[in-house]
Structures are given as C-alpha cells and as structure tokens.
Amino acid sequence: MQRSIPVAATALGLALVLSACGGSTTPEPTTEPTATETSAAPEGEASNSLTIWVDETRINDFDDVIATFEKERSVKVEVVQKASGDIRTEFVQQVPTGEGPDVIIGAHDWMGEFVTNGVVAPVELGDKAASFSTTSVQAFAYNGTNYGVPYAVESIALVRNNAIAADTPATFDELIAQGQQAETKYPVLLQVSAEGDAYHMYPLQISFGAPVFTQAADGSYTNELAMGGENGARFADYLKKLGADKVLDSNIGGDQAKEAFLAGESPYIVTGPWYATAFTDADMDISVLEIPSAGGEPAQPFVGVQGAYISSQSKNPLLANEFVVNYLSTEAAADTIYNSGGRIPALQASADKIKDEVTRSFSEVAAKGVPMPSIPEMGAVWEFWGQTQVSIINGTSADAPAAWEAMVKNIEGKL
Amino acid sequence: MDNGRARNFKAGFIAKLFLMALLNAFGLYGLFSAWAVSSWGVFTGLAVGLIAANWAYFSRRAIPAKYLYPGLIFLFVYQLFSMAYTGYVAFTNYGDGHNSTKSDAISAILSYNEVRLDGSPAFPVAVLEDGDKNLAFGIVRDGQPQVGTSDNPLASVDATVENDRITAVPGYTVLNFNQVVQRQQEVTELRVPLSDDAKDGSLRTQDASSAFVYSPILEYDASADTMTNKETGVVYTPNDRGNFVSDQGEKLTPGWRVLVGFENFTSMFTDKAVSGPFFQIAVWTFAFAFLSVATTFALGLALALIFNDPRVRGRKFYRAMLILPYAFPGFLSALVWKGMLNERFGFINDVLLGGASIPWLSDPWLAKFSVLAVNLWLGFPYMFLICTGTLQSIPGDVLEAAKMDGANPWRVLRSVILPLLMISTAPLLIASFAFNFNNFSLIYMLTGGGPNFAGSPLLVGSTDILISMVYSVAFESGVKQYGLASAVSILIFIAVGLISWIGFRRTRSLEEL
Chain C
1 MQRSIPVAAT
11 ALGLALVLSA
21 CGGSTTPEPT
31 TEPTATETSA
41 APEGEASNSL
51 TIWVDETRIN
61 DFDDVIATFE
71 KERSVKVEVV
81 QKASGDIRTE
91 FVQQVPTGEG
101 PDVIIGAHDW
111 MGEFVTNGVV
121 APVELGDKAA
131 SFSTTSVQAF
141 AYNGTNYGVP
151 YAVESIALVR
161 NNAIAADTPA
171 TFDELIAQGQ
181 QAETKYPVLL
191 QVSAEGDAYH
201 MYPLQISFGA
211 PVFTQAADGS
221 YTNELAMGGE
231 NGARFADYLK
241 KLGADKVLDS
251 NIGGDQAKEA
261 FLAGESPYIV
271 TGPWYATAFT
281 DADMDISVLE
291 IPSAGGEPAQ
301 PFVGVQGAYI
311 SSQSKNPLLA
321 NEFVVNYLST
331 EAAADTIYNS
341 GGRIPALQAS
351 ADKIKDEVTR
361 SFSEVAAKGV
371 PMPSIPEMGA
381 VWEFWGQTQV
391 SIINGTSADA
401 PAAWEAMVKN
411 IEGKL
Chain G
1 MDNGRARNFK
11 AGFIAKLFLM
21 ALLNAFGLYG
31 LFSAWAVSSW
41 GVFTGLAVGL
51 IAANWAYFSR
61 RAIPAKYLYP
71 GLIFLFVYQL
81 FSMAYTGYVA
91 FTNYGDGHNS
101 TKSDAISAIL
111 SYNEVRLDGS
121 PAFPVAVLED
131 GDKNLAFGIV
141 RDGQPQVGTS
151 DNPLASVDAT
161 VENDRITAVP
171 GYTVLNFNQV
181 VQRQQEVTEL
191 RVPLSDDAKD
201 GSLRTQDASS
211 AFVYSPILEY
221 DASADTMTNK
231 ETGVVYTPND
241 RGNFVSDQGE
251 KLTPGWRVLV
261 GFENFTSMFT
271 DKAVSGPFFQ
281 IAVWTFAFAF
291 LSVATTFALG
301 LALALIFNDP
311 RVRGRKFYRA
321 MLILPYAFPG
331 FLSALVWKGM
341 LNERFGFIND
351 VLLGGASIPW
361 LSDPWLAKFS
371 VLAVNLWLGF
381 PYMFLICTGT
391 LQSIPGDVLE
401 AAKMDGANPW
411 RVLRSVILPL
421 LMISTAPLLI
431 ASFAFNFNNF
441 SLIYMLTGGG
451 PNFAGSPLLV
461 GSTDILISMV
471 YSVAFESGVK
481 QYGLASAVSI
491 LIFIAVGLIS
501 WIGFRRTRSL
511 EEL
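Top to bottom, those sequences are chains C and G.
Going by UniProt numbering, the first sequence opens with residue 1, and the numbers climb by one from there.
Going by UniProt numbering, the second sequence opens with residue 1, and the numbers climb by one from there.
Excised from the complex, chain G in its bound form (with noise of 0.2 Å):
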C-alpha cells in the first residue's frame, strides 16, 4: 500500500487537494451564508452538494464518480430544481397581488393603512437616545419641549431648542445624522404615542428630521389573525386564498403566496373566458406545427433532390445560399419579415406588388397564411441540409439496381429513396413538430397572435398557438399570473411528450424495412 495516493504527493495529488480546499472553503462560506438568512433549503443542497464532493474526489472506489459529480451537479442546478419549482408555483397562487409571504403582505397593508391625521403639522424632530440606548422623539409641541418614547407617551421636559427642533435634553443623547443612520431601522418603525388615547395617533418619521402625527385605520390582533378597521369596526379575515377579506367579500392588497391545489390547472377548461377561444386556439397549434413541418420538409427534399443530381451546375454555390437563411437568428428574421409585410409600407406589398395594400398580417386567414409562409422560409434550409445528408448515404448501387429493373424516377423516389430517407428523417420531423408546437418567438414577433377575436374577453387572436395564448393570459392581461403561466407550460410540455412518444413508437416500424 505505499503507492497509496495519500503518500504519493505527486503534483498532481497537491493541484486537487488545492482545487478541492478550494471548493470547500467557498461551500462552507456558503453555507455560513445561508445559515446567516435561514434559508434552509440552500442550506441543506450545499451541504450534501459538498460532502459528495469531498467523497467522489476522496475515495478510492469512486472513479466513476469523479467523471459525473460535475455533470450531476449541473443536472440537479439547472434541470431537476427548475423543473420541481415550476411544478411547485403551479399549485400556488403566484403572481400580481400574492407576491410574497403573508408576514410581508401584514407589513404592507398596515403600512398602506396609516395616515397622517389631518392638518397635523410638520415638527422638527431630534432622535435621542437614553443611557440604555433605547430611542426616543423629541419635539416642540406648542412651545414645549416634549420627549417620548414607544411605551412612555410624550411629556414636557427641560430642553435646549434652537430653531423649533431640541438640541439638548438631560438624560438622553441627541443623535447626529450619521449616529441615526446607523439604526434607521429602528428610527423609522419607531411610534411615539402623542397622549395615553391612542386616538390621538402617534409620531413617527420617515427622515428623522420632520416627524408627523399618523393614526393607523387598521390594526393587525396577531393572536386572532385578524385585521379590523378602527373606524367602522369591519373586521378582515385570511381566507385560503391569501387574502384578508370582510364579511362584505371586500379584499385588502396585497395579499400572498398559498397553495392551491390543481386549480391552475383546470382553470384553462373552466374559466368560460379562457376555454371558448382555447379549444379554436389548439386545433390551429396542431395545424401550424404539421403544416410547418409538411411544408418544410417538402421543400427541402425537393431541393436537396435537385440539388444531389449531378447534373445541376454550380451545386456547392446553391448550397451554400441555401443555408443562408438557416443562419440568422429566428425572432430577428420574424422582425423583419413582419416589417416586410406590412399592409402600407412593407417591401413585399410596396415594391413587390407595386403598392397593392394586402392586410398580410391584419386578415385572419392571411395571417396564419404569412405565419405558415415565413415559418417555410426559416425551415426549409434545416430540412434541406438533413435530407441532402441522408440522400448522399444512399448507396448508389441500390439506385442502379432500380434503374436496371426499368423503374421510372418517380418509382425510384417512391419505393427507395424515400423508404431509405424515412428512416433518418423521422425522429428528426418529429423533433421538429415539438419544436413549432411550442414556436413562441415566431408568433409573438410576427403577429402578436393577431388578428385579435373581436369582442373576445381575452386578448388572443387568429394565429396564437397555446403557449402564446398562455404567455397573453398569463402575463398581458394585466395581471401576472406565474401559477397559472407554470402549470399550463407543464400541460403543453405533457402534451408535447406524448405526441413525441407516440410518433417515435410509429417510426419505429419505419426500420423494419
């Protein structure tokens, strides 16, 4: 055992131990971190994160797992914890309104409810400080000096004042603006009782120079969780939607996050709003997605089959062209094109049909018609370059011998050629079906899912494909909802896999050839 790593301090032994004292130190610095603002979760990743580390690169026996911890760790960052926490927002109520977690939503709806009394003055306030380092208010109250603090209300002292604002009281320390800084926290929740009535309101500041006199109009009773309003007594109670609400139904902003159970998920069925257009929505992303693959691929084939005779001129040129439009960015292209298009000024209408005003974009069926159009001229150069490759590894003698047996081209293509393509292609057509089932960039730059329905409660049109449906239900409608953007991108997501599934189990009998 004297060749044992620990005793053979090569220098590659001490470069990983260097490296891995490293990633240590910057683990426990992370998880002192995590510890400091108790997030628990974080916590416990790093922890067991690092322990792996430390036993993969440590251990004798774990060679595989020196080539996968990184790989690993990459999978659980960036695939399977996103994948679980989209999964978690879409049983909440995540969104405008439920931002956050119900102690803030507290802290926020009092805060929103204080008002300054009315026609209270502006006082000049000193921050002070007793031997205790408790904080008081000092102001001048009709000509006197008065000091008070949260639990002792205000109350004639002995004071220097200069100038309406205290600068000197036995006992306390008047703070500087740097020393009231240094606790502004505290300075600026701090409430001064004006007199034993609470009626009366409190001072409080929001600058430690001026302080103003605020009544609260709801108070927060922790023991009953309930919010009640001081002037008309109605009481607000939390629901199990993260909402304070009155007997009335009438809600107090904001609210917060809680789950809700499959309530994202059904509401895209049962919101009579949502489910009228939904069903016209899907049929149309189903069309869209074969009628982009169908067209793409015929395209492409045709081409790459003109273009593998040998007895087109200049093939590598046309080639080369051809995959011109395959290099530049989609949703730029779709940009363009949708300037191109325009009814008034585009190119295409402008120049092209010599200023006829064709509504490319504006007319329902033209619309889907431009989308399918521009979706050919972005796809059609991937369909060629595959098909191309697919043909080149065609072996010729195949060819010959079909030839031989007196079979015209159209029987070549169709009994050999095409049988031979399939094989390839398929799972590539199939790839390409799930990628335009969920084409957002297209539609959101070329047509905005426009044309609108007219009259529909919701702002969604004629070329919308679900996800962009769901990114206008869910976050251009005024309100953002992540809950329900996360469980219907996982629906879309079931959907595309199934449909993936069944089509790769169909290709499958393509090979048998």
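In isolation and in its complexed conformation, chain C is listed as follows (with noise of 0.2 Å):
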C-alpha cells in the first residue's frame, strides 16, 4: 500500500511515455529552439477546437460563456471537467507531452508553478489591462510579465450578525471586547484548523506591518521575505495572546467557525463569500465590513483572483488569445460569467453593476485587498507559515517571537 508516490510517478510515467515517449532527456543539440513542429498536424487540418480544463468549483463560472463563444465565432470548444485536487499537477504534467489543454481555469497563485516549469504562456493585455481592477492585474504579473487574465476576485471580510452586534469597533482588540461583552460562545470566530491558515490570519499580521514578501512599485512580490523582524515578532506575540484568552483555537477549522456563526454563538466571523451564501440562504442578517485593525496599520486581506491561462504549448494559440484576451475582457463575457456563476467580476465594469448588498460589500473589501503572492517561492512559505502560527497559538512554541525568528529562517533556507 505505498500509495502515493509510486503510484503517482508510475502513473505519470505511463502518461509521459505512452503519448510522447520523449526518453530523450538527455540534453540534445538543439537545432530550433521554437521547437513547435508543424508535422504533427498535417495542413489544412488544423480544428477550429479549443480544448479547456476547468474543475468542478469554477465550471459553473463557464458554462453559458462558452457556449456564447462558440456559437459567435465558430469554433468548437471541448471542456474537460478535472477535480480541482489534480488539475494543476495534471497540467504541470501533461503540457510538456503535447496532451495538455490549450486553456487552462484556475486561480492566480498556480502561476508561480506555471511559470517554473514553462508551462504557460505569457498573455500581451495591451489597452485593456486598464479595465481589470488594478489587483487582478497585478496578480497574474510576474516580473514585468503577464500570463493570465482574470474575471474574478475574492477575498475574506469581517462579517457580522446583525442581531447580536449592531457597531463594530475601530480595532481588533475592541471588537474582541465587544465581543466577550455579547456574551456569546465565542467573541469572534476566525477559523485556524490543526493545519493553520496563514490565509485567514494575514489581515492580522499584515496590520502589524509584517507582509509576507516585500511588493515592488508597481504591486508585483519581490522575493525578500518580509515578515520576520520587529513587526513579526509583535504579531507573534499578538498571535500567543490571543490563543492564550481562546480567542483563536485549532480545533476551531471553517466548517465549525460557519456552524457556530449560523447557530448565533458570534456576532462576528472572518470568513469569504463562499460561506456567506449559506448566512443568507438561512435568512441571517448580516453586514459584510472591513476587518479592524490590530496592529495599526490597515488590515488587508490577500485577494484571490480567478483567471484564464494559455498553455505554452497549445496547438491553437491564436484561438486561445481571442478567447482568453479578447473575449473574457468584454463586458459581455464578464457579466455571463457573473450570472452564472456569482463570482465578483474583475472586469470594473461588471463590478460597478453589482446589485446584490453582500456581493457588493465584499468586493468593496476585495478591492482594498492586496494581491495573494503568486511567485514560485510561495510554495515554500504556506506550510510552513501556517504550522508555525499553529504552534504559537496551541503554546506549543513558548517563545513566539522565536519560533516565529525560526520560522523566517527556514524559509528563506528554502527560497
């Protein structure tokens, strides 16, 4: 029962060799070094087909889209449903054998990994990357380059249950205290897991002025770490006080935090819009607000943007293009996808539309967000990160500030 890897590396073996076979990695003199062969598909052969992978969490998106885009330009698309868990390693994996898609949905921070392994191709926005708000464009730019466009955004907000609170405070502290004075079951919930979740705990840390990576002048992540330090050691200690008084617990995942809002035991939960459609599908009255400060400085939460990405391989880039740049920027398009799927647009235009209270409110917090990192080194921060704000706030680590000083070492050792 060695499940995983062998399984994995054989099952991707037989995937690799069976449709390319390529064997050759040995470095061979390359002769061309744009070695996309045009024998493979004989002339006048070539489909008017787009292949796109989209998994299950985002089909819904693009359903009555693409069937509007087929049906104007004439071009026949096959959508390939993948189960989120797969789709960005199969894409790694099969871009390279010539059996990937030509497009590709998925989130923003899978470009690091996209780009590492050349994968994708980059994506010339031209006059209309004015029309995406400036945090959607952001994310998918990486050092000058941009490799995706986006339609969608998301990011967490403090939501409150109007029957139990009816002001928030200007702090984080306050609102704690505000909170206990409730006397409900929790002050307020902010979901951590046993696993951690840097994701939901950043608005914190980041008011303390301790950002994951430091951003360059036009928005994009550089490399430099930045959260260790002075600042990171005050969130650190912030992060063991508020385990200390219960307010954050491990055993406390999304599912309990949702639960525990919905049955009134907060006034207050941090959470996405994922969740809040099951506040107002049970008739809760709730408002969507920014999240206090805790630190001083504003509390921004990372904004995750859904977006399009070409396969650098692709047979059909051009009709990869028109769809993914040409056609997924128009106003058309964007509302379709909105329709259908509920995501806040990244396109301002179909934003501006918004009549819904809570979409709005949301993407109101959203856009004072600041872009998720999407560079390769991510991957190595994430574990870690969360691991560590674990082990503070179980007080397991006794020193935070250390464990936290430890922490920022590992993963520079890693970057």
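The hints are simulated quantities; they were obtained by calculation from the structure and are not laboratory data.
Each hint should be verified, as a subset may be incorrect.
Stretch by stretch, here's where chain C covers chain G in the computed footprint (C-beta under 8 Å, at least three residues) [what the hints assert, rightly or not]:
(1) 106-119
(2) 171-182
(3) 198-208
(4) 338-345
(5) 387-396
(6) 448-458
Every residue, glycine too, gets a C-beta built ideally from N, C-alpha and C.
Hints in hand, dock the two standalone chains.
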C-alpha cells in the first residue's frame, strides 16, 4: 500500500511514455529553439477547436460563456472537467507531452508553479489591462510579464450578525472586548484548524506591518521575505495572546466556524463569500465589513483572483488568445460569468453593476486588499507559516517571537 | 495433415481469425500513430507485442504461449514498465523546474524574456499571404500603410486602409479569421522586424487583430548553446543540472530534465535538513510497524480464542460484528477517527470523557498512541479472522491428548496451540509488517505526520513514517521532486523486501516442529 508516490510516479510515467515517449532527457543538440513542430498536425487539418480544462469549483462560471463563444466565433470548444485536487499537477505534467489543454481556468496563485515549469504562455493584455481592477491584473504579473487574464476576485471580510451587534469598533482588540460583552460562546470566529490558516490570519498579520514578501513599486511581489523582524515578533506575541485568551483555537476549522456562526454563537466571523451564501440562505441579517486593524496599519486581506491561462504548447495559440484575451475581457462575457457563477467580476464595469448588497460589500473589501503572492517562492511559505501559527496559538512554542524567527529562517533557507 | 488448423474452418477458428484481425488492426493503427509522433519506445514495444501475439496464436507449437501471452502483456505494461520507469526517474532531477526537455525549456525561456517595448502602441494588424503562401504583417504606422515579413522589415506600400487596418494590398491576399486560424501557429511565431536595426524590435501578434512591438532580452545562440542577455551582456551556459547559469551563478528558469546519477539516493542522508529527522522517523517507522502487528495480533488472537470456545453463546453474531471494522475502507475510518479525536469537538473528549480536552492528536506521545490505537481498531478483525480459521483447523484430538496429559489451559496454549498457529500465521504477520511499514493512508489521513517537530526546516513530525516523510519532502515542501520521491520509494522497497526475506527465512524453522 505504498499509495502515493509509486502510484503517482508510475501513472505519470505511463502517461508520459505512452503519449510522447520523450525518453530524450539527455541534453540534445537543439537546432531549433522554438521547436513547435508542424509535422504533427497536417496542414489544412488544423481544426478550429479549443480544449479548456476547468475544475468543478469553477465550471459553473463558464458553461454559458463558452456556449456563447462557440456560437459567435463558430469554434468548437471542448470543456474537460478535472478534479480540483489534480488539475494543476496534471496540467504541469501533461503540457510537455503535448496532451494538455489550450486553456486552463484556475486561481492566480498557480502561476508560480506554471512559470517555473514553463507550461504557460505570456499573455499581452495591451490596453485592456486598464479595464480590470488593479489588484487582479497585478496578480497575474510576474517579472513584468503577464501570464493570465483575470475574471473574478474574492477576499475574506468581517461578517457581522446584526441580531447580536449593531456597530463595529475600529480595532480588533475592541472588537474582541465587544464580542466578550455580548456573552456569546465566541467573541469572534476566525478559523485556524490543525494545519494552520495563514490565509485567514493575514489581515491581522499585515496590520502589524509584517507582509509576507515586499512589494515592488508596481505592486508585484519580490522574493524578499518581509515578515520577520520586530513587526513579525509583535504579531507572534499577539497570536500567542489570542491563543491564550481562547479567541483563536486550532480546533476551529472552517466548518466549525461556519456552524457556530449559523447557530448564533458569535457576533462576528472572518470569512469569504463561500460561507456568506450559507448565512444569507439561512435568512440571517448580516453585514459585510472591513476587518478592524490589530496592529495599527490597515488589515488588508489577501485577494484571490480567478483567471484563464494559455498553455505554452497550445496548438491553437490564436484561438486561445481570442478566447482568453479578447473575449473574456468583454463586458458581456464578464456579466455572463457573474450571472452563472456569482463571483465578483474582475472587470470593473461589470463589478460596478452588482446589485446584491453582500456581494457588493465583499467586492469593496476586496478592492482594498493585496493580491495573494503568486511568485514561485510562495510554494515554500504556506505550510511552514500555518504550522508555526498553530504551534504559537496552541502554546507548543513557548517563545513566540523565537518560533516566528525560526520559521522565517527556515523559509529563507528554502528560497 | 488434412485436419490441420488452416484447412479446418470451424467456427472457433473463424472467431480467432476475426479477433486476431481486430488486434492487428488496432496494433497497426497504434504503430502508425507512434510513428507519426516519433514515439520510438512505444513503437518498438507495440511491434514486439504484435509479432509475439501473431506467433503465439498462429503457431501450432506455442500452446503454453497462448495462455501466457495476455498475462505477460499485463505484467509488462503494469508492473515491469512502471518499475523500470520509476527506476529511470530516480536517476533524474525530474520535478518542478525540471519538467520537460531542453528544447521546451529554451522556447519557454525565450518567450518569457521577450518584452513589449515601453510605450509601444497597439497596431491593428492584417495578416497577409503572398503568392508563395508566405506570411506577412500589414500595419498602419505614422499614417503610412506598411508591410513586412520575417526577412524583410516593414516597408511602405500602396494599400487600402479602413479604420487604421489594411484591407487590401496589391500582390498579397488579406487572410480572414478562419484562414488565419488554419495557420495560427505560424502566425503567432512570426516576427516582423520594424527596421534593419534589431534594436527597434519586431512586430508580433497573439490574436491576429492587434500587434505590438517586442524586443527579446535574451538571445539563444544555437551553435554555442548559450543564452546572452542583450542588455547586460551576461552569458548563460547550460550546466550538468539542466539549467542555464551565468558566471555569477544566476539561473534561468525553467530548466530541463537531466540524469543526476545516485544523487537522489544519497540526498536523504547527506542533506542536513533531512538527515536529522530521518533517524528519528526511521526508528518510529519500525516501532509503528512492529507494534501495529503485535497489538492487532494479540487482540485478534485473544478474541479468536474466546469465541472459539463452545461455551460462548451467540458466537456467530459476535464474529459477524467483529468483522465490521474490516469492511470499512481504511482511509475513511482514519478520517472519521480524526474527527472523533478532535480535542474540543471530538466525540471521545466531548461525550465519552465529559468535555475533557485531551490533545489526542497534537501531543507527540499521545498522537503516537492514537495512531497505534486506531490501527488496532482497523487491524484486529483481520488477525481475528485468520486466527479463528487456524484454530478451527487444529485437530481436536491433539488438544484432547494434551488435556489427558494433565496440561492446564495456559500450558495447552503455550505448547500446543501457539506453535501450530504460528506455522500458518507467521507469513501473514510478516506481510502485515510490510504493509504497516508503508501504511501511508492511515498516517496521512489521521495526523498528517503531525504534530510537527518544532523549528525543523522540514514539515515532518512525530508520527511521520518513512513513506509519509518522503511525501512531505518530495511534494509538500513547495517544489515537487519526482526524482527524489522515486529514489526513496525504491530504497523503502528494498528495506521492506529485505525484512520480509529475513522474516520468511526465520519462519521456516517454525515448520520443523
């Protein structure tokens, strides 16, 4: 039962060899650098079809818009639904074999892995970049090059149960005090879970002035880690305090937090639109607000951006660009995607048209957030980050600033 | 020889002929496809398989081969091939950043380092074709319609222009969208120089409607096999690790796959970050596998002895109930147990222990205990089953004789039952040890290897066993390292094989009773 590795390796091996049988990993004298052979597809047969990979969490967004695109451009689009857990790995593995899709729909933080492996093609947004929200365009930029077109943004925010609390104070400490006075089971719900949740903790962390990586002038991230130092230590101490006061608890994961909020056990929850629909469906009276600052600076949440990438080995680069760059950037397409999926459009004109109060508020909070880093270095950060936070919250690491500093060193060692 | 098969057209022979024709048809199709994409490995494999099939089923002397052939094919495809491939990957640096061939890497590096010139405008572009089917771009620059090809820079021409886009040029055909799509790869690869000076950059388009001026930062010199940065003059040469590297050690990504020899096999021991926790984890792996077998066997045997006694009533019902845990998929049970052992909301703490907060999964020793306890729950029905079977096969007269000789029940168990039992169960215990040595799903689903070693530069923890440690090192540490994963899984395979081999040799002595 050596499940994972040999199975993964052999499945992969089979896929690789049966499809392309590269075999030639020895550095061959490369005669043509842009080795996109024309022999495979005989001329005249280059079919007007496009293959798009999308996972189950995003497929609803795209059903309608793809149907319209097919009709308008008389192009055949084959949509392949992949499991969200595998789609990204499979893409990285299959593009080199020529078996990958032309376009893949996914989150912007997949970009680092894709670029490291050379499986996505740069995308030229041209003047269209201006019509998207700034954060969403920054999210797909790396080293001054764009690798994808955004279509939706999302971020977490503070959700208030208006039946328990009517107004919200300006700082996180005051919010906790208010929640404690409300005498509900929890003053505020902020999910941690056993593996840690650096994503949900980030607004608090950045309010102490300890962003994960430093941002360059154009908003893109550098690979310089910025969460250490004095500000990081102050945040670590704050985490420890919240853990000791039982405000944060590693036993509370996403599900537990959602259930507790639904049961009216807390006036506040820090969460995203994915749970907010459950609250509105249950007819709760909620408000979506900015997260109050804990350390003095604004508590900006990470913004996750959904978008479309083009495979670097696409046999239909022109059609792929037509769909991704020219079509998804139109207002009509963005409206359709919003209507079928309900995610906040990245296209400003469409986002401005949202009527739903909750979605609108989420969109406003997201506009003030920072893009989640998508640089390749981010892959080495998440796990350590979450685990260290858990050990501080649990009190396993008695000296919080030291544990934090050790984590920063470990991550730097990886980079 | 009149009754030779070839002259005896019975239904069976016709059916065989039909099936073989089908097989050969598919085989030939596969051969042509493999030829078309230059997959020589597949081509050779298919050819050999096909020839063997025809020989096996048409030769009269190949009776055994007729039966062996399908099995052998499956053995090759599913076992030997995947083993060989794992072995091959173990000697490469295959993983994130080294994902494909060198030519793929070169084209990716070049495309990632071709930038749009600052402030260059978007030109509405027309894709043109001359009489010889050569592609050209036509744009309107500074109010002048201009046409150029990859060899001839943009030059002014007489052309009809509508809305800043060329609609007709003498000597060229303006391609419509569908025609462009037919030649889309050529179109997106076409670079039309702006002028004779390469510094001015070149025109390219990604969608055949707007073109931009690009200038490459890096240039690849095929004869010298080097990349040169045109702005700084830095030269990048390929190293033996599958990367272009400058003199300063700056790497260009992506790289490509190369053979790295035994490096993957030794890195677990030489990499300081890994070798530290490695020893601790190796000890726990042996302890976990041994204790899992010991506890499950002890409980299974005890229950089997009890329910084998005719004085126990309702034995059938109890036996059926005991098999229940065995019927659930192991990884699902592990997930359920993970929920039940949650410190605050878990069933065990919340209901059974009246709201106690015992850190079942977050304390290093308790987590180890929990893993063993859950594995006991999962594993004892199997041991119960085999012990029951063996006990029932022990002849009654042997036990009778022992009793007549005045042996007490303890003595009967120790001197008669256990030795007889061990003959048939010992090999199963060894198999069980090998299974638990690699019981990835239990560890991964229950604790994920946690609680993690504090301050460790790797994400490994007190309940990690070797296989889950490899998973963490090779897949969860930010970059995927298939080469390393393959190498270490081979090492683990060798370790398990060795232990089993020694174990089986030892058990042979049991049979000399």
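Each hint tested on the structure:
1. 106-119: Our answer is that it holds, as 10 residues pass the Cβ test (under 8 Å) against chain C, meeting three.
2. 171-182: holds (count 5)
3. 198-208: Coverage by chain C holds here, the residue count being 3 at a Cβ distance below 8 Å.
4. 338-345: Coverage by chain C holds here, the residue count being 4 at a Cβ distance below 8 Å.
5. 387-396: Our answer is that it is violated, as 0 residues pass the Cβ test (under 8 Å) against chain C, missing three.
6. 448-458: Three-residue rule met by the stretch 448-458 of chain G, so holds; n is 8.
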